[in-house]
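Trainee: The primary structure of each chain is shown beneath.
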Amino acid sequence: MSTTQAAAVSAVTTPPRRGGWRALRERESFTGLVFVSPFILGFIVFSAIPMVASLVLSLTDFDPREPDEVRFIGLANYSQMFNDPVLHQALGVTVRFALLVVPLTLAFALGVAMLVNSKLLAGRTVFRTLFYMPMQIPIVASTIVWIGVLHSTNGWLNYALEAVGIPGPNWLQSTFWVGPALGLMGLWGIGNMMLIFLAGLQSVPTELYDAAKVDGAGPLASFRHVTLPMISPVLFYNLIIALIAAFQYFTQAYVISNGRGDPDRATLFFNLDLYREAFGFFHMGYASAMAWLLFVVVLGLTVVLFRTAGSWVFAGGER
Amino acid sequence: MNGYEREHHWPWTKLPVLLAAVALVGAACSSGASSTPSATATAAATEAPSATLCTPVDIEWYVGLGTGENEEQIPAEEAVVEAFNDSQDCINLLLTVVDNTEAADTLATRIAANDPPDIIGPIGIRGLQSFGDQLLDLGPYIESSGVDLSEIDQSLIDVYKLDGKQIGIPMAVYSSFIYYNKALFDEAGLAYPPHEVGEQYDGQDWTWATVRDLAMKLTVDTDGNDATSADFDPDNVDVYGLDAQFTENDARAWSTIFGGSGSVVAADGTTAQWPDNWRTGLQFFYDGIWKDHFIPNQTAVQALAAGNTFQSGRIAMDVVHQWYTCCVYPGEGETAAVTDWDIAVLPVGPDGKITSKLHADTIGVLDSTANPDQAFEALSFLTKSPELIQTWGAMPAIESQRAAFFDGLNERFAPLEIDWNVSTLMLAYPDNPSHEAYMPNFQEADSANKDLGSKLWTTPGLDLDSELDAQVELLQGIFDSAS
Chain L
3 MSTTQAAAVS AVTTPPRRGG WRALRERESF TGLVFVSPFI LGFIVFSAIP MVASLVLSLT
63 DFDPREPDEV RFIGLANYSQ MFNDPVLHQA LGVTVRFALL VVPLTLAFAL GVAMLVNSKL
123 LAGRTVFRTL FYMPMQIPIV ASTIVWIGVL HSTNGWLNYA LEAVGIPGPN WLQSTFWVGP
183 ALGLMGLWGI GNMMLIFLAG LQSVPTELYD AAKVDGAGPL ASFRHVTLPM ISPVLFYNLI
243 IALIAAFQYF TQAYVISNGR GDPDRATLFF NLDLYREAFG FFHMGYASAM AWLLFVVVLG
303 LTVVLFRTAG SWVFAGGER
Chain X
6 MNGYEREHHW PWTKLPVLLA AVALVGAACS SGASSTPSAT ATAAATEAPS ATLCTPVDIE
66 WYVGLGTGEN EEQIPAEEAV VEAFNDSQDC INLLLTVVDN TEAADTLATR IAANDPPDII
126 GPIGIRGLQS FGDQLLDLGP YIESSGVDLS EIDQSLIDVY KLDGKQIGIP MAVYSSFIYY
186 NKALFDEAGL AYPPHEVGEQ YDGQDWTWAT VRDLAMKLTV DTDGNDATSA DFDPDNVDVY
246 GLDAQFTEND ARAWSTIFGG SGSVVAADGT TAQWPDNWRT GLQFFYDGIW KDHFIPNQTA
306 VQALAAGNTF QSGRIAMDVV HQWYTCCVYP GEGETAAVTD WDIAVLPVGP DGKITSKLHA
366 DTIGVLDSTA NPDQAFEALS FLTKSPELIQ TWGAMPAIES QRAAFFDGLN ERFAPLEIDW
426 NVSTLMLAYP DNPSHEAYMP NFQEADSANK DLGSKLWTTP GLDLDSELDA QVELLQGIFD
486 SAS
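Chains L and X, in that order, give the protein sequences. This note's numbering puts the first residue of the first sequence at 3, with every later residue one more than the last. This note's numbering puts the first residue of the second sequence at 6, with every later residue one more than the last.
Isolated chain L (complex conformation):
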């Protein structure tokens, strides 16, 4: 082939470079940004800006009824939180509730997931649907139904307890029993958690169970040494979600106590107290400070959990 012919062939086979790889990457990045832009704009407008605004408000005594008389008061709202007995009580109610409900819902959801994953259960698909169905009912509607179920004299639950000779407690008017009552309501809504656990259980390789069986492991040992480690990532995920939900608990408490935290502030969760401060007492500045306190607390707990995750969460078969 002559040099001229080689050059001509080269010209045909080597495409002209229109801007090169960098330009192509830039064009692809821009296209990606275009697709992501609605989220970015929405996040900025509806999340980031309000967060910054609430941080600023937390340094003021803003009252929406007198917007022109807002004053900068520095960290006074934050220091007031140390002397607010109602806030301390609300924090205590929330922490106690989280300590009760988080392990309970995790255990219950895992138990139900294992049940509906069992080959021995006939109609597993039906049961999965039934356990998930409560998630479709609006929270307010379901809470109103639960108020009827938990009524101390006319409620079904106490009727059932009394039928077996157990005197039913005053679920919603007792400062002691109202927490377990809310926990019961929480157990009814484990559908999402159950599904996530189910997905985790189904991803455990069966060879591991076979190997455990060969080594003489019984059901409990298999659960402890195979199932739990292998589903630890989903367990970790559910733990984080349950913890955040417990600290943000609001709707059910609001509905059963009519927004008051009754009886005797036993259902005055942190978020409900925040809501009262903001929209009942018009202390928007103080309520904003409370919101940031909640953020710091939940963030701190999440960081602690992530730090400890390395010792007990198996990710991809590795610690």
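Calculated from the structure, these hints are not laboratory results. Accuracy of the hints is not assured; some may be wrong.
To be verified - Mimicking EDC-like on lysine to aspartate or glutamate, the simulated pairs with C-alpha atoms at most 16 Å apart in a straight line are:
| hint | chain 1 | residue 1 | chain 2 | residue 2 |
| --- | --- | --- | --- | --- |
| 1 | X | K455 | L | D266 |
| 2 | X | K358 | X | D281 |
| 3 | X | K460 | X | D281 |
| 4 | X | K460 | X | E472 |
| 5 | X | K296 | X | D231 |
| 6 | X | K460 | L | D266 |
Assemble the complex: chain L is given as a structure, and chain X must be docked to it using the hints.
Mentor: Coordinates of chain X only, in the frame set by chain L:
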């Protein structure tokens, strides 16, 4: 053709994506909650004369903080607005109705957004305290306009004085008295309570001590034993002798009913207190629930017609306001448990006086209004409207309008002949200061008092003096944070 040779349709294929993205963002931004509440605005066209003497201004009337938001009431309110607009050319009155559960929040939001209405109401004394600082002093306007308040009792007018400001003109008033179930008295073989002030009961002065004795005889368990009997079972009460329903757990309300007038704010306006007569009154109430068992606790109340205890037919005497005539009978299609009832005067309290806790509705003007004169003119028209009074089931503050009001009640409750004279008699004994009177940091202090009420209603075995001392300390902290 390889990837390098593919044709780039960049401007055209990406354009729909860009447009879609912009549309999404625009839809997201425009779907945010509007700060304007759902409104039923009525702008009745006025017939403008060929030569207008003034520039019509819009005055917005905001309804929902008290009554007035029910569907049945709105047409009457719209008719009154239309009548006002037809009667003059300078003011265009607009009606905005908001659901009661959202009304206070929505109003606060609108004030914060610099979009406040002009007139708010009907609103009770408690509701006015939430926005008391935002209300216009009507005193100068009353004087300059020559509005005649002579038919309204001065004590009622004084109820709406806040820090020297006259923030409202009484429109509707609701004295409180005893509703009693005649059938339960007949069953117990007991005489009915007195209808006249100063009248004795069974040879004894009509005091709360006498009421207690009577209530214990009327309180009966499921085996028929009354509360004076050694065999009385407090865990299975069938009929209670006394209640004071629909007080929203307010410890101030119960203290006033059973203790007489008082205030949690000392004369200096900043010191918290719980006066002795209130301690006595609250102790009477607390013992009535947990020691003598003639008043239902909260659990029992929930089981009695879902809180409308007198309607259940299992409460012999109930201290409630005039407005309770709305709810003595259940809805259509349901059988009434109370078929024969009447009303009685309140007894003398531990302070030696009769105190009939008073509720009152009014309409106020926000001080942010751009047109205070026009707003006051509209307010004056509305507060005198008998149609609105009737729609709201309100007892008129103006004496000359009361006869028609009671005639309407007689028609509703026929063939019963209720002694409405009791209601008028009790108007002479309003609580002063009001149990809903101003406190510093009002909403938070009010909530704290309701928390106390809730605790007393649900928790036996409390040392009431200690609880009240703790409450005073809590209130002082709340009052101090207002400054």
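Trainee: The structure should be examined with respect to each hint, and the outcome stated for every one.
Mentor: Going through the hints against the structure:
Between K455 of chain X and D266 of chain L, the direct Cα distance comes to roughly 10 Å. Compliance with the 16 Å bound is thereby established for this hinted pair. Under the criterion of a C-alpha separation no larger than 16 Å, the hint pairing K358 of chain X with D281 of chain X is consistent with the structure, at around 14 Å. Between the alpha carbons of K460 of chain X and D281 of chain X the distance comes to roughly 20 Å, so the proposed pair goes past 16 Å and is violated. For the proposed pair K460 of chain X and E472 of chain X, the alpha carbon gap of about 10 Å is at most 16 Å, so the pair holds.
A threshold of 16 Å between alpha carbons decides the hint, and for K296 of chain X with D231 of chain X the separation of about 14 Å falls inside it, so the pair holds. Note on K460 of chain X and D266 of chain L: the hinted pairing holds, with a Cα-Cα distance of about 5 Å set against a maximum of 16 Å.
Checked against the numbered hints above, the structure breaks only hint 3 and satisfies the rest.
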